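In terms of the working numbering, the sequence shown opens at residue 1 and continues consecutively.
The set of hints was computed from the structure by calculation and includes no laboratory data.
Computed from a predicted structure; not experimentally measured.
Virtual Cβ for every residue (Gly too), placed ideally from N, Cα, C.
Errors might be hidden in some of the hints.
Claimed, not checked - Cβ-Cβ distance ranges computed for the label pairs, FRET-style:
| id | residue 1 | residue 2 | range |
| --- | --- | --- | --- |
| 1 | A67 | E33 | 41 to 47 Å |
| 2 | D74 | G112 | 32 to 38 Å |
| 3 | F77 | T20 | 29 to 35 Å |
| 4 | L69 | G107 | 16 to 22 Å |
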Amino acid sequence: MYHAKQLTVSTRGRGFTDITADVRTVVEHSGLEQGLCTVFLHHTSASLVLSENADPDVRRDLEAFFARLVKDGDPLFVHDAEGPDDMPAHVRTVLTQNSLSIPVKNGAPDLGTWQGVYVWEHRTSPHRRRVTVSVVG
1 MYHAKQLTVS
11 TRGRGFTDIT
21 ADVRTVVEHS
31 GLEQGLCTVF
41 LHHTSASLVL
51 SENADPDVRR
61 DLEAFFARLV
71 KDGDPLFVHD
81 AEGPDDMPAH
91 VRTVLTQNSL
101 SIPVKNGAPD
111 LGTWQGVYVW
121 EHRTSPHRRR
131 VTVSVVG
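Start from the sequences, fold in the hints, and give me the full structure.
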């Protein structure tokens with residue numbers, strides 16, 4: 001059996017948007033007890049991450065690390081058609097991921113105690129991001 005739903009996630013600009021509840025809802029509505037949930041982000045300047053969901057300092061520290069690792073406006077980058085954060089956003093995406101696989105157990109995503117599913121926006125401006133959640137079982 002297969003079930004899928006497309007989500008639209010509005011980000012506030014660079015940072016994390018928690019979509020754990022949305023993923024959980026799609027899995028529950030699938031009616032599947034056991035299987036696999038795939039979360040896929042249809043963009044090249046944002047990412048999906050499983051991250052600590054209890055302490056927001058973890059996400060703040062991840063953002064600080066990436067700000068140091070991939071600087072906006074770095075003269076190394078030629079691609080800046082949409083501004084100084086354009087190519088850095090693409091690099092951040094390549095270093096992370098745009099797809100997650102999560103086991104389904106007892107009709108729910110089988111996440112760890114402190115895991116949440118996040119869209120990590122790498123652009124400085126707000127965006128609307130398309131995410132497909134698929135459940136197979």
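Each hint tested on the structure:
no. : hint                   : result
1   : A67 - E33: 41 to 47 Å  : 42 Å, holds
2   : D74 - G112: 32 to 38 Å : 35 Å, holds
3   : F77 - T20: 29 to 35 Å  : 33 Å, holds
4   : L69 - G107: 16 to 22 Å : 39 Å, violated
In summary, the one numbered hint that this structure violates is 4.
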